[in-house]
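Quick mapping for you: the protein sequence lines, in order, are chains U and G.
Numbered per the numbering used here, the first sequence spans residues 1 to 204.
Numbered per the numbering used here, the second sequence spans residues 1 to 164.
A few of these clues could be false.
With beta-carbon atoms standing in for the labels, derived distance ranges [said to hold, decoys possible]:
1) 99/G / 118/U: 50 to 60 Å
2) 77/U / 86/G: 33 to 43 Å
3) 23/G / 168/U: 17 to 27 Å
4) 103/U / 23/G: 36 to 46 Å
According to the in silico footprint, chain U covers these stretches of chain G (three or more CB under 8 Å from chain U) [claimed, not checked]:
5) 15-22
6) 126-139
Calculated Cβ distances over 10 Å to all of chain G for the following chain U residues [as the list claims (entries may be wrong)]:
7) 80
8) 85
9) 86
10) 94
11) 101
12) 116
13) 127
14) 175
15) 178
16) 180
The hints are simulated quantities; they were obtained by calculation from the structure and are not laboratory data.
Glycine included, every Cβ here is placed at the ideal spot set by N, Cα and C.
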Amino acid sequence: MATATLSNLPIASVHRRRIESAMAERREVISELDDIDELVRVHGARIRRFVTCSTGDPDLAETITQDTMLRAFKGRESFRGECSLSTWLTGIAINVTRDHLRSGRYKFWKQLKATAVDVHEMASLLPSTSVSPERRILAQERVRELYRVLETLSFNQRTIFLMKFSEEMSVDEISEILGMAVNTVRTHLHRALKAVRSKLGAKR
Amino acid sequence: MTPDISRHLADEALNDVLIGLGSLESGAHLARCPECRSKVEDFRADMTLFNSASIAWSQSRNGRPVETSPHPVAHRIRFAFVSWSAAVAVLLIMAVTLWRHSAVAPPNHVNTLEPQPSDSETQIAQDNELLQQINAAIGSDDDFPIQEYNFRERPHSRLKPQSQ
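Model the full assembly from the supplied sequences, consistent with the hints where possible.
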């Protein structure tokens with residue numbers, strides 16, 4: 001019995017090319033997932049940034065980033081390519097973060113050793129562009145202000161805000177990853193935006 | 001008919017635009033209203049700065065390499081076994097020490113003055129000699145020091161020196 005392949009199926013060539021392109025892309029992603037060092041190199045910094053800003057704890061963020069990469073590597077067969085790899089990784093990072101925040105172990109260590117992000121250090125790492133020193137100082141101040149405002153938000157508001165404006169996810173993607181209704185995501189975003197824009201706008 | 005641009009976008013409509021859920025009317029207003037447009041651009045500029053700085057910060061923190069242990073469950077079981085074995089060993093040592101201590105000590109030995117095993121015969125003999133010397137000194141016929149002053153006890157009076 002002859003097996004059906006894409007080349008002998010009676011479909012339009014344009015459609016076939018599209019499917020082949022999607023399959024090639026998927027193969028590329030799977031090969032990226034097969035190499036954990038490459039996975040960390042490409043996505044590690046972004047996941048660490050997201051978790052650090054979400055939890056406010058760089059040490060915890062490092063642990064969560066490691067766990068996320070390990071979990072992604074071990075569960076790479078379950079990646080179906082329905083979303084981008086970075087969205088899939090962010091979803092895993094959120095689940096790992098939730099696990100850590102729920103555990104009593106985290107609460108114990110949090111009380112024992114609280115670390116915080118050095119926001120001055122973060123602002124100082126702003127890539128140097130061809131702007132005057134005065135404008136650069138102002139830009140650093142904006143970064144510090146934005147981080148301080150984010151700290152005042154609830155965990156959900158902050159996480160959703162970062163997913164939207166740092167990870168550049170759509171409201172639908174956020175809703176699916178968090179298992180939240182689209183309207184709830186929208187409400188969180190509105191509240192976070194209101195806080196951020198009012199506090200940043202007042203200092204402009 | 002041109003839309004009235006003197007009425008700026010409400011905060012909610014502006015937030016919808018930033019979220020990516022802005023209406024067509026909001027888009028049309030933004031195209032004509034520089035003030036509302038600058039609010040959107042200011043926010044986006046702030047976010048761009050924040051994202052650049054935060055990703056640079058994250059890249060500067062050189063993360064630990066991820067260890068992909070082939071048998072993490074077996075590793076955990078081994079670690080738990082070693083930990084529990086160490087704890088049991090410590091408890092056993094403590095129990096044996098306590099048992100030996102209680103076996104050496106006599107029952108109800110509360111402040112007894114029995115000679116300790118460390119007391120040697122020579123030491124006991126020296127102590128006895130010293131005690132005998134003390135007894136001899138106490139039992140001598142020497143006058144009691146106060147008698148040198150010839151005090152005599154009288155009824156209802158203090159001791160006074162006897163007249164010479």
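The hints, checked one at a time:
1. 99/G / 118/U: 50 to 60 Å: With Cβ atoms ~55 Å apart, the hint holds.
2. 77/U / 86/G: 33 to 43 Å: Holds, since residue 77/U and residue 86/G (Cβ atoms, about 38 Å apart) stay within the stated range.
3. 23/G / 168/U: 17 to 27 Å: Since residue 23/G and residue 168/U have Cβ atoms about 21 Å apart, the given range 17 to 27 Å holds.
4. 103/U / 23/G: 36 to 46 Å: Given range 36 to 46 Å: holds, Cβ gap about 44 Å.
5. 15-22: holds (count 5)
6. 126-139: violated (count 0)
7. 80: With a cut-off of 10 Å, residue 80/U remains clear of chain G, as the shortest Cβ separation is near 22 Å.
8. 85: The claim stands: residue 85/U keeps its Cβ more than 10 Å from every Cβ of chain G (closest is about 16 Å).
9. 86: Nearest chain G Cβ is 13 Å from residue 86/U, so the label holds.
10. 94: Nearest chain G Cβ is 17 Å from residue 94/U, so the label holds.
11. 101: 20 Å, holds
12. 116: 13 Å, holds
13. 127: The assertion about residue 127/U is violated, with a minimum of 6 Å to chain G.
14. 175: 12 Å, holds
15. 178: Residue 178/U is indeed farther than 10 Å from all Cβ atoms of chain G, at 15 Å.
16. 180: The claim holds: residue 180/U sits with its nearest Cβ about 14 Å from chain G, beyond 10 Å.
Figure legend: structure checked against the earlier numbered hints; hints not met, in rising order: 6, 13.
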